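2 protein chains.
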Amino acid sequence: MIILYTGNGKGKTTAALGQMYRAIGQGMRVCIIQFIKGKWKTGEMLASQSFSNNLTFKTMGEGFTWNSKDINKDIEAARFAWETAKDSINSSKYDMVILDELTYLIKYKIITNEEVIEFLKNRPNNIHIIITGRDASNELIEVSDLVTEMKEIKHPYKSGIEAIKGIEY
Amino acid sequence: MIILYTGNGKGKTTAALGQMYRAIGQGMRVCIIQFIKGKWKTGEMLASQSFSNNLTFKTMGEGFTWNSKDINKDIEAARFAWETAKDSINSSKYDMVILDELTYLIKYKIITNEEVIEFLKNRPNNIHIIITGRDASNELIEVSDLVTEMKEIKHPYKSGIEAIKGIEY
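Just so you know, the sequences run in chain order L and X.
The numbering of the first sequence is numbering that gives the first Met the number 0, which starts it at 0 and goes up by one.
The numbering of the second sequence is numbering that gives the first Met the number 0, which starts it at 0 and goes up by one.
Don't take each hint at face value.
Given that identical chains are not distinguished, each listed pair holds provided it fits within a single copy or across any two copies.
Within a straight-line C-alpha distance of at most 20 Å, the following computed SDA-like cross-link-like pairs (lysine to any residue) qualify [said to hold, decoys possible]:
no.: 1; residue 1: Lys108; residue 2: Ala162
no.: 2; residue 1: Lys164; residue 2: Met27
no.: 3; residue 1: Lys150; residue 2: Arg133
no.: 4; residue 1: Lys164; residue 2: Met0
no.: 5; residue 1: Lys150; residue 2: Asp134
If you are wondering where the hints come from, they were derived from the structure by calculation, not from laboratory data.
Values in this document were obtained by computation on a predicted structure and should not be read as measured data.
Could you build the full structure based on these sequences and the hints that come with them?
This is the structure we're talking about:
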């Protein structure tokens, strides 16, 4: 099953975390691929230590921050992350793979929409894939089984409140 | 801070779970009040054992299932859960309290909107409250700091796929 959390509101990555939590409770092996550097912060990393046997974190290469001075290095790191994602899904080592913020790679044309859709259509059976990120393509919505749009109704950081420990990270 | 996850899409309770996970990673003490009987299932209950020191689950009374033959018994159980929620928030024992599916109590007029808003406005400082459920009132949105609407774009169970272990429960 492919679950897609998209939209401009908060809660996409948070829901993926909850999904991971529930899966691990059922004894599943979960791999999280983080496509945006530094996105996953202290809270989830610390809590994850409780689950170390069943949880694997794979983060982007150091070079990839969307504001590097060397665009080629960014692209190389992003491509490497995508290859890692595909290998992880094909490895039979995991029951669930979370592709956090994957949609940005498509949006910024690091990988093509077609390449992602083609891969997802031919994925192994019996693996659950959770994808998060804004601006999911229509084809990505089409290939997914469950799609929720997280729509921003109210966002506190716009009112000047700073990110809060244990909530935002 | 009050976070509200509302809307008709999947991911509201899942995001609350992720929020709990992140908070526990930061050493916070979390209490979850479940207003709908049987809503939280095996996956999250099993995973929660890893966090038993920092996590408290409080579930509704047995009588409250929204389809009991004795409506008065339902109302009594729901009122008891609401009193438990208020006591938990006021107790200073928790840094975060999750009120899962609270909105249903308002919707079905078990508690009044005014009562909830009044309590939330006068809550203790330094506690984070996460509220989930469909059809949040405008006043509940108003009193919340961060509000995301989970909007259903695609739902697999409508296509005849049954709830899947580790995903849905």
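With identical chains treated as interchangeable, where does the CA-CA distance between lysine 150 and arginine 133 reach 20 Å or less: within a copy, between copies, both, or neither? both (10 Å within a copy, 14 Å between copies)
Intra/inter-copy verdict for lysine 164 and methionine 0 if alpha-carbon distance must be at most 20 Å: Answer is between; shortest inter-copy Cα gap is 11 Å, intra-copy 32 Å.
How would you label the pair lysine 164, methionine 27 (within, between, both, or neither) given a Cα cut-off of 20 Å? Result: close only across copies, 10 Å inter versus 28 Å intra.
Is the C-alpha distance from lysine 150 to aspartate 134 at most 20 Å within one copy, between copies, in both cases, or in neither? both (12 Å within a copy, 14 Å between copies)
Intra- versus inter-copy proximity for alanine 162 and lysine 108 (alpha-carbon distance at most 20 Å): neither (30 Å within a copy, 35 Å between copies)
Checked against the numbered hints given earlier, the structure breaks only hint 1 and satisfies all the rest.
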